[in-house]
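Asker: One-letter residues, chain by chain:
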Amino acid sequence: MNTLAVPVASAPQPVSPPLTQRFAALADALLPAAAALVITVLLFSAAVALAGFDPLEVWSLIVMGGFGDAFAWQNTLQRAAPLILTGLAVALPAQAGRVIIGAEGALVLGGLAAAALGTVLAAQAPPLVVWPLMALAGMLMGGLWIGIVGWLREKREVNETIASLLMSFIAIALFNQAVETVLRDPASLNKPSTKPLPDAFLLPAMPGLDVHWGLGVGIVVAIIAWAVVKLTPLGLSLRVAGGNPRTALSVGLPVTWLTIGACAAGGACAGLAGAVEVAAVHGAANASLIAGYGYSGILIAFAARFSPAGVVPVAILVGGIAASGSLLQRRLGLPDASVTVLLGFAFVALIGCETLRGRSFFRRG
Amino acid sequence: MDATTLGWWGVPLAILGGAIRVGTPLLWVSLGETVTEKAGRINLGLEGTLLMGAMTAYAVSLLTGNPWLGIVAAACVGTLFGVLHGALCSLTRVNDTAMGIALMLAGTGLAFWLGKPLIQPSAPDLPAIELGSWSTMPAVQAALGINPLFVIGVALAFAVHWAFGHTRIGLRLRVVGDSENAARAFGLSPSGYRIGATAFGGACAGVGGASLSLVYPGAWSEALSSGQGVMAVALVIFARWDPRRCILAGLLFGGASAISPALQAMGYSSGYYLFGALPYVLTLALLIGLGKPGPSDGAPGELSLNR
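If you read the protein sequences in the order shown, they are chains G and V.
Residue numbering for the first sequence follows our numbering, starting at 29 and increasing by one per position.
Residue numbering for the second sequence follows our numbering, starting at 16 and increasing by one per position.
Derived by calculation from the structure, the hints in this document are not laboratory data.
Partner residues aside, some chain V positions facing chain G, computed with beta carbon under 7 Å:
hint, residue
1, Thr107
2, Met114
3, Leu120
4, Phe127
5, Trp128
6, Gly291
7, Tyr295
8, Gly306
Just so it is clear, CB atoms sit at the ideal spot from N, CA and C, and this is done for glycine as well.
So that you can see chain G by itself, here it is in the shape it has in the complex (with noise of 0.2 Å):
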């Protein structure tokens, strides 16, 4: 009997699964969301009803303070924009299956080589040529630190997790040292800091936003980082080697370089992060720049579930929860850590709730 013969008037074969089934996927994508945002809210609320407050009115607070009016729109972006960057930081090596936790040493370092070159660079050229170069040498920066840690596991089989957090301590111990010693700022007593950038150097706000530039870097590096890794040839290979790396070796992937790439690539964007908060934010680079971004970002990419493009509504929602800490301080004597705890139950549940994807409760039989 010959297998391959193809009975010609069959049935057409379906071009898409019925309709069933698509919504069974859709729920079972949705149910883990779904189930951390009750979870969430129920912990949370019970948390606030245990101290004394009204969860209703703590929860329309921070509706209000992360999302109600201009001002709270603009301070949550304001918080997103490194959020993102240090978001596609853990997502991109994640791709090729590395897990960083160390963005908040690309971070600070990023911050630092922008300053610095920054500060020597305003006196000789406009802003226009010293914002990129700023951007530059945080990104040099930033993937070299993290790309040390790619060539590392690559090379000498060194854990990337341990490596990064490790190489994030050491980063931090660097920045601290030059910040007080050989690129300090004179004047800066009470809180050592570079020299400040002048006021012309700040970055702008966004024309029509009130928030500055790096929002908009932010989002257009994750929508680069989307596309290379969803749309090209490039993002195939990495996403092959990242999955399975015997596969992209026989098929002959550069899976080393991939890696490596992909670590630097997320390191630069931790660094790009230093470099945006040092000009818009900061002025300089001092102790405001270890404000655990790093970390967040880790959260960020995980509740992404490591889409560069799902990077950026997660970071605007953790922007917008961390807004409304000082609206809860101002108007109901909330300590601002109770938003670290919501963001925290969160992160639990939503991590957590993993575990109830690909065991629908729709998909019968």
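Guided by the hints, dock chain V onto chain G, whose structure is given.
Answerer: Structure of chain V alone, referenced to chain G:
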């Protein structure tokens, strides 16, 4: 009188004293993390547990006037966080690295929220064991005022080492950490052992936190921990999963951060932060030099970090 009256002898003495003071919480968190990792699980969230432990210990010590009760309470809270992490990570598809960082955020937030009213009042500290009372020099007395939690921690480290090799539960825990298939063949439940090991790790981290708030620096503030909980993971690698070497690792990491203040007292202030970074450079160099840690290094085979 200060270190100068001892001349240069003041420097090693101050470093030793500092190593014990700063190293005690490190010893506890790394000891706990060693047990957790020996069962094949990693907990990156010990920073949150540490802060919860510090806050709880301080609050209970303040309310009851008894710092030892504070330490017990800290261990209980730590156990709770450990069980939570262990149980959640036992679910399929839950990533332990990410869950650890999420719990770090939740624990830190809770500790700061609940600890807000504790910033002003001062709770009774844990009294030191005065080994230096024979001396009239305050510098010697300060350095030899040994923290009882350090002594208990050292004893516990040896006890854990002994338990790994000689007790039923210790051997089974190592089987679970080395090979899940072998554990199942023996009829052991990997999840059960891992939850237990993570709970032990959490309890130790809670006590480590108590050491911060009740011994040194001996007060509750939001700047209490400088990442000791996150460092634990690095220390365990440095100790190569040997509980006894956690003592050495704690003292070394603690001592490195005491070098700069000791030298500063002698008038040398350069390289303050660089000395602090030395242990990390050393750990990284160790990882690079020795390559991938294998079973002969005591590395648990089921640990996601070793794959």
